[in-house]
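S.K.: Given the coordinates of chain A, assemble chain B onto it according to the supplied hints.
Each chain, letter by letter, is given below.
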Amino acid sequence: MPNFEHPEYPEATLLHLESMVPCRESQVSSLLSIFGERQHFSFPSIFIYGHTSSGKTYVMQTLLETLELPHVFVNCVECFTSRLLLEEILTQLQSLSSENKHGSHVPCDTFNDFVRLFKQEIITQDLQNQTVYIVLDKAEQLREMEANMLPGFLRLQEMTDRNVTVIFLSEIVWELFRPNTGCLEPFTLYFPDYSIGNLQKILSHYHPPEYSADFYAAYINILLGVFYTVCRDLKELRHLAALNFTKYCEPVVRGEANERDTRRLWKNIESHLKKAMQTVYLREISSSQWERIQQDDGESGHLKGLSAHAHVELPYYSKFLLIAAYLASYNPARTDKRFFLKHHGKIKKTNFLKKHEKTSNHLLGPKPFPLDRLLAILYSIVDNKVAPTANIFSQITSLVTLQLLTLVGHDDQLDGPKYKCTVSLDFIRAIARTVNFDIIKYLYDFL
Amino acid sequence: MCRMKSSEIPTAALVLGVNVTDHDVTFKSLSEVLQDNVTPYVVSLQAKECPGIKHLLQKLMGQLMDCCVDVDSSEEEECVNISQKKIRCSMASLSKWYESVTKKTGSETPSKKRTSSSRHWQSPPIVVIFKDMESFTTKVLQDFIVISSQHIHEFPLVLIFGIATSPMIIHRLLPHSVSSLLCIELFQSLSCKEHLATVIDKLLLTTQFPFKLSEKVLQVLINIFLYHDFSVQNFIKGFQLSIVEHFYSQPLSVLCCQLLEAKKRVNSLSHNQCENIRSLPSFRRYVENQVSEKQIALLTEDSFLKEVTQTLLEDLHIYHENYFTVLRCLHVFTTSLPKYPLGKQIRELYCACLGKRVWETEEYGSAVQLLRMLAKDELVAILQKCAEIFISSGKQFSNTVEKLEEFLARFQNLEAETNEVQDMSVSSQKELQKKTDLYHLQKTLLELKESKRSKKLTKFEMLRFEVVDFIDSLVRSYLAPAEMQTLNEVVYFNTANTLREHLNAAPRIALHTALNNPYCYLKNQTLKSDVGCISNTAPDICIVYKLHLECGRLINLVDWLEAFSTVVTAVEGTDPDSVATDQVDEIIHARFIRAVSELELLGFIKPSKQKTDHVARLTWGGC
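Going down the list, the protein sequences come from chains A and B. Start counting the first sequence at 223; every next residue gets the next number (the numbering used here). Start counting the second sequence at 45; every next residue gets the next number (the numbering used here).
In case anyone wonders, no lab produced these hints; they're calculated from the structure. Owing to the predicted nature of the structure, the values given are computational and were not obtained by experimental measurement. Some clues are possibly wrong.
Said to hold, decoys possible - Simulated crosslink set (SDA-like; lysine to any residue; CA at most 20 Å straight-line):
hint, chain 1, residue 1, chain 2, residue 2
1, A, LYS607, B, HIS556
2, B, LYS140, B, HIS195
3, A, LYS640, B, ARG597
4, B, LYS103, A, VAL299
What the hints assert, rightly or not - Between beta-carbon pairs, the in silico distance windows are:
hint, chain 1, residue 1, chain 2, residue 2, range
5, B, ASP516, A, ASN583, 54 to 62 Å
6, B, LYS140, A, LEU237, 54 to 62 Å
7, A, PHE615, B, ASP245, 29 to 37 Å
8, B, LYS650, A, TYR538, 29 to 37 Å
9, A, SER582, B, LYS653, 31 to 39 Å
Where a beta carbon is used, it is the ideal one built from N, C-alpha and C, also for glycine.
The shape of chain B in the complex, shown without the other chains:
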């Protein structure tokens, strides 16, 4: 039984999700962990490096011989000898190599062994990672598995398949005769959305880093993530790009640092920088709201401005500290609602609050409505969570915590009171039964009806309203949008357009604009022209491009040339009729041919075999 089992190759199928760009990091840390704890022999292979079994073995052995150097520096010389010799890439030489390596470490003195390989297993397995299982050809994988299964007794081998789609791919790539040589176990990584949530939580929803993204920028980054690539790596790159852009384009970004440092820097601001502050829209708004003497002082005295700036920066800092705590608290409330009117993830809530006054939005209104209908046990649980958040955030919320705890206590007391209320209603019922004459009966019935219509709120409902109002007041006072804050331009990066241009480029559109409207790039006044008409001063390729937009799938070259020459000769101001001989000017002909071949190079047309003297159009949607 053991013999049968050991002939199977242990295999891990690692399902990582479609965000292929993030996989490299995962594999890197995986192989580091393996190298630290299990075995020095970890090899990672990529499909593009292994078009054939020969290349695969070459890569495998190359990496193994290298990592042998890593194990122990004393072995370095011998290993170099091995790799200098032309390696015979066969499994036999691999198993020979493995035998020699393990024997060597075994025969070492015990003390040395402890230092070098005590963390590793007794006979460390060779781990082969196939990074992108989908791209490997069936033949290479099959051959490799068949060959290595014959040598599994000579050295322990473990395979790891990196899978981007679903584990079904194993059955698609490997026939039963091959997959029966494997002992496959499935491992699933966290979804990329969870990784994104962690990144946002650690990078954005914290006061640790002074740099912030505005709503639009964050929306651009999140949209690229959700709509296009699911890549956390790209999200981080976009974030880095916005940092670079912010510090490059915003002169006052010099103040975007930790509060103490920023206060110091304010003192050393030059006059020009002070002027910069004065020209900030948010600062102007602030000035307008001051009394006139202070306005004059702010606009003329640099030293006074610096003082005010320091306090304003401090205000901004405090604003952020409160902001994130209240945001998390609100998130606790909104996630418990059905249908999530304000979003399930905290990032959605954050986006909603960043952009505008959240309490003025429709979604917020419906969320509050729903909150007013929460059941008691839910509400209590949420309040407890909120209290924890406020307690962990620090002292500035001690009042709020007290208030929340008071609410919780009152909820506790409610239970006792409800019993009394029930007694009351029961007694009125009893009264009803006592009354026997018609007049009294009618009167009491009417009274009962009245009281039902006015629907006196129970104590619980009153309390619930109070709680919701309290939360609402918190939101209104702390979750004001960042744009309203004075000096927000210092820490918020808000040119979403630049970011979008860089990260979500539209090459087709750019090319079309360049060819259709060359003025956009060349900025030559003579090129300014109305839409629709073909300017004759434009570069040849633009003329040819515009003419080809008017054609169908197949373009007659002769007609095209004719049209081209008509447009071009109109430039030179000559009367088209006088030159309208059958012969086209040779120079114009040459220019035409050059322009057409440029278009071909750009991939707009290709030569066609269907019809002589015709080219086929490859793009659509231009007109």
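Next comes chain A alone, as it looks inside the complex:
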């Protein structure tokens, strides 16, 4: 007895469908009842939302394909202009029933054209008696298109006077979509996140044929134990499961343990998985490099991740410019006198601060500073005389393009530009060390 009941479809199809969508039965059955029979009119628009990889796209695709419903599936990120989106829908519609897979190109500029062409197409394709489904994946992109796109799609059934249902798939809630001018409210359906049990079930579902299901399920159990706290993304977990499975099997392949020896297998894999969490999961090293490491076994010591190459080599004056920028960003301007004047007299930290400056500037983040202050600090921290040559100015610009400095506000060079220094304390300390400059002594926070 299948979970899904529907007079329209044969039982075998429904059973097949059920096996295809584990852990999403309730959503599918409500969708089925909303869809009704083929010729029934359905909701004009359905809005499905849920977190990343909660199976929205997959469920819709399997549902529509298994039941052989006429549908169009469009990704809104890919069709980044309204014109591309509308044309894509029409092209896919053309190839629905006819043999040629690539429909000819239909120029369609406005929504008005789209409605007209859509009606024509329904007639030529002979689809009047069935519900046509248009699925818009990543629908949040619609908000960035013309203002009439979203309300238009919501009312497509009414405007075309055809049996059509538009389904929006999105990761954010409907409230963030609703336009100011009001619109037809869609039927909203929520896909909740997979629970750990669900993940276990789904991941174990795809076990490799050469090993038993129990063996693979035990592996998934260990994997989830390590990764579930940091990652609930099904796609990512599947990727990790695939990457590390050979390592898990190693003792079995070598004949050191049998498939039931869970404890031994766990000992073998656990540290390995923890290392994977720090490297391949963060994309510090690529998956192909990871596999190579597994084959070489243990030679991973010398393979450094992306973040290990943090050192940046800079020309001499660029280093000082960056140091000056850092000082200007994190020291209050009034304290410059104290740091860069030879006879500044005795100024105690306590009596020349305003109250709000007592909090650490490093917690507040970098502050913008004008170009002149940067140059003034530069002149006083470099030992020998620096001429304000064109090269110095172009170095400032190149630091901006390297994203070590950012230009704040307008980019009109004549009008007193302001900059911020975006590098971290560790980075600047490493730079300062190479030029023998004790930056800590010049930082107000560390006084």
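M.R.: Below, chain B without anything else, positioned relative to chain A:
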């Protein structure tokens, strides 16, 4: 498993260093190599061309359709048709295009296929190079990666990120959801300093090219490189500029060519050119050292001068040939020293030797001191290296090579001798134990003490001194500074100032000089004035500029105008008191307004909203 892996886009993160100007060459040769060996479809994108995903795809497809023409000329017509049609810039049309292109090459006759695309892979990937990763906006990159990851099954795609700073930028630009679509591998290029070393080695430390840089010029170029831009490209440009300057400004540069050619040219020198030679400082120094008859002959007879010039040029050539060999040899020695008193890189050593007599410098003294303390195995290794350098340089050093080999042989023999020395000392110890009466004991102890104090040098130490002295003599005889050589002006470019002005311009200073001291540029005698006082004959803008230097951050326009009019009316010689009405002359007013707006255009001031009738000053440091 394979399915999962194939959905990741293979990506190369190429860390190239901050010398952005050099990257173009790297990318150009990279895409050439790729086009020759892997795939015809190589696209390079720059951030400024791609403000949005639409522009990015447009650029991408535009370049792809073009390179399709390159693959096979027979396809040209069809491709033109495609590009003439308004391309729909979407990934779908891209994958359609890829399908059609690969199908076409697949269906060709085998013979043709071999000629056109045998070097390429079976299904050539599309390689997209992001030249300046840092400048791309996050949105464009994310969208592109998300879209293309959905089509990765339809056509193989490879991304290359050109990174100037550090690979951390990938994590900063791309969120985890996007970077998880990539399979990133890191590649690091050589540091720019190594490239510079190669360039200097191939261009300067060789006799292949007659043109040479003097110490100051080389120092200017290297300083710009190290202090400002790290750009090898700019270094080469500076070098080219000095070639142009040399041949343009030095009339005797006509002799700066290969030796044989130069000798020929000497014969056809005109009388004026001969006079030019006579006026060279180095040549005059040479003449002064000759006997008086020869002096007269050199200064009066052109034919004799030409003869001498030919031999002098030959001497110069030989000097260079010896110079670089000995320099490299000395470099081998100095790099083994702790703290590198003469520099780690050969360019530093070269600069030191070019400028002055290197053996008179303090650094050289300390280097020799350190050399005298080298351990034996180090010294032997260095000597072997030196011998190799001399052997490869040619025959003129056969004596030196012999000498070095003799040294090496003696070091070998030393080992045997040291054993004997040890025996000697042991026997004296034994003698000491034998002596039992007090007198003899005291005597021998004293003797032992004496011998220790005088510290007789061991044979090894003697030999080490000999080696160091030999090297020192080589340096003294071959590494004389170029300025001492007769006719060095012919091949050495030494006007460092011109080069500095061209390459390291100081616009602020130039502007300040022009406005503060207009005589410097206008050369009008009436403009000559003392520093500090404001000349009334100067152009209006100069007067206004000087007046504004005396103001604070905000400048009152009325006061400024008043001061301006006072200065200007003083010119006309009228008594300021008689005109000191409240009203300023209209013409002076107009001149003032024009001068002020010129200053605004130059970026010295800007209108301020903080106070009415005030302008804000934008520059400091003028006074």
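S.K.: Hint by hint, which ones does the structure fall short of?
M.R.: Hint 6 contradicted; others consistent.
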